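Student: Residue-level listing of the chains:
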Amino acid sequence: MVKEIERAGIPVVHMCTIVPISLTVGANRIVPTIAIPHPLGNPALSLEEERDIRRTLLTRALKALETEVTEQTVFEK
Amino acid sequence: MLKVVHYINQFFANIGGEEMAHVPAEVREGIVGPGLAFQQAFGEEAEIVATIVCGDSYFNENMDEAKKIIIEMVKKYNPDIFIAGPAFNAGRYGVACGTIAQAVKDELNIPVLTGMYIENPGADMFKNSLYIVSTKNSAAGMRDAVKKMAPLALKLAKGEKIGSSAEEGYMPNGTRVNFFEKERGSKRAVKMLLNKLKDKEFVTEFPMPDFDRVAPNPAVKDVTKAKIALVTSGGIVPKGNPDHIESSSASKYGKYDIEGVMDLTEETYQTAHGGYDPVYANEDPDRVLPVDVLREFEKEGKIGSLHRYFYTTVGNGTAVKNAKAFAEKFAKELVADGVDAVILTST
Amino acid sequence: MKLELGYVFIKDIQFAEVSKVENGTLYVNRDEVKALILEDQNFKSADVELARPGESIRIMPVKDVIEPRVKVEGPGGIFPGTINKVETVGSGKTNVLKGAAVVTTGKIVGFQEGIIDMTGPGAEYTPFSKLNNLVLVCEPVDGLKQHEHEKALRFAGYKVAVYLGELARALTPDEVHTYETPTLVEGIKLYPELPRVAYVCMLQSQGLMHDTYVYGVDAKQIVPTLIYPTEVMDGAIASGNCVSACDKNTTYHHLNNPVIYDLFDEHGKTLNFVGVIITNENVYLADKERSSNWSSKLAEYLGVDGVVVSEEGFGNPDTDLIMNCKKIEAKGIKTVLITDEYAGRDGTSQSLADADVKADAVVTGGNANMVIDLPAMDKVIGYPEVADIIAGGFDGSLHADGSITAELQVITGATNEMGFNKLSAR
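Chains as they are written, first to last, in numbering that gives the first Met the number 0: chain C, 0 to 76; chain H, 0 to 346; chain L, 0 to 425.
No lab work stands behind these hints: they were computed from the structure.
Quick caveat: nothing in here was measured; it's all calculated off a predicted structure.
Ideal placement from N, C-alpha and C gives every residue a C-beta, glycine not left out.
Do not take every clue at face value.
[To be verified] Where chain H lies over chain L, by a calculated footprint (3+ residues, C-beta under 8 Å): (1) 221 to 233; (2) 260 to 274; (3) 337 to 351; (4) 369 to 380.
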């Protein structure tokens, strides 16, 4: 799906846990997430701590969207 | 007795070589040239009732005309199978064989078969839509080609089930078919390794897929002014899954309106995805589709706006073909809606 | 390490007053086996049935298949760390009741265990239709948690296999095969000219119904390591997994790991079978990275020229497979991979979840999504009603007349990725 959205001309960032598959399939902007059942959360933490994680990951995603890339890039920070 | 119509070029009809490649299509009763080898292989089971001879240049330069004429010729004989070639490594001949076989298949609904060398341009063009027997690269391989083509032709003519590419001799066409080898897998693996170690030729049983790449789009100039849309393969849907998106092998996607929705809760949303532990996503769907924080960002001016619709499907064992088709469709809507960027979350 | 494996051929199985092996027939005292199972108080009742090749019998859902073996000479006992003590096995003499097996059934999760048909089209796809099977049907006490149920059933299988194996202790085997792996240094001296080959055996390690045990250690918790091929023949690796049935390795598969036997066939002739590297398939990305880093590091450390890699399972483990391949190839070591495929019912979907151009030598155990019709059998041992919800089954899989339409996924061992079978795809 990521590639079809990219093909339509819209920049897209893929937030996922199994990064190798995203790389193989061909996403260009990738942000690694926490875990398969809760990519943007962590049930072991409090709601506010979870929201903080979510904010951090989404901020990273926005940064990825604002970054020019020429090849597949994984944004870990 | 099954009826066969055979298509060959000017060279195999003994009319001439390159200098005669312009001859138009003509039909002759019975066998011409290599048809004899086929007839011998068919024995009493099938008969070549007619052979169509056409110059390779004529065909390639007058494709529509040639197709029309030849289809009429084939129609008259109403054969049980149409065989073109084999073309070996002759490029124009291979393209002609593939093209005419495809046309006969599509327009007359008759089983077709052709054969050529794997590197013939006609192979890549047609191997996924026609059975193409893999032959050697020159006419010296005629006997070998007929040996593989004749039995497969009879099977196709009789409407019998066709086995795997390895068993039947056709070029792998993207459809995986199971069959039993003579030796067990571990033995085949050890043999393959021994060949690989000695730099000898080996054939992989599963060629890796070619993942096409799409060039990255230019970055968003100013994300604080951008309209961001959310898409997910994590299966987040309104509570109750009103559109019944399947928990595995999804056959559809959903488009949902979150105008005015500031946060996804256990009461209002859920996940339909069956491939991961759903507890966490059901407790707080924002963990998969982060509407809450994006609404915050909207209020704080970190993004221009969150698009009112989100798109969702279930990525559990869903065929790549399907997912691709969904996204092709809704990407158009995203463009029409003036979306500047997409955040796609996966589980 | 050197092991003499003695095969006692079993051609029939019968219930009798006294358990013994005589003239190729395995006689089993049914009550003794039941009592053995019921030693575990997690079971409220147990039954024991027979299933022979050609009989119109369907066994489902199948949890594990185990071959009866016994250590006749040498340190340790079969299934070290689980049934027997942790002493290092793999040397001396071991007798095998070849042609017999213990099959455990149990509705643990209910939809992910498998089917074994002893006759008909289904029998073609599982090696266990050719064995004389002692089937254990064990009913757990009410309210038993899934993890406890799985463990109890797993151990019941091993215990009964060991009990039957004992019957071979004093027998003279019909055939003896000797397997010997020299130490690394000895090996270099013995076969200086032969290409050095190792076997990388990937073990499923993803939780309930997806676990494997090495000398009793949960494979989720290991880092890749070395093991002698003959240790595996004595049950050093035992199965705790069966989901999906077609490509999970039963304990029988581990004991009879075909890659090990086929590499031994060539050992000293066309290659030097240096040893086995075992690795796991965990659910965390970091674990996948760590394990593949480690397996490639070990391959390099052993100085091998090539490896055969076998996968277990599908989906995210395809990533482990590709990581192992890429990293080992990057060290200049050639790889051949054995896997199976999930190419959809029509065979046109992408067979693996991950891929790489370096994976240019692949052997496949076939497409697990192929749909098959299994005719009704005269007798079903186990719990037939789970057919509809079996992985590979679907709404309407089980027909009123007892026949089943489902994907090949449901048949135990059908697309085995150790290369146990002749099934393939193109």
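Student: Compare the structure with each hint and give your call.
Tutor: Comparing the hints with the structure gives:
1. 221 to 233: violated (count 0)
2. 260 to 274: holds (count 7)
3. 337 to 351: holds (count 13)
4. 369 to 380: violated (count 1)
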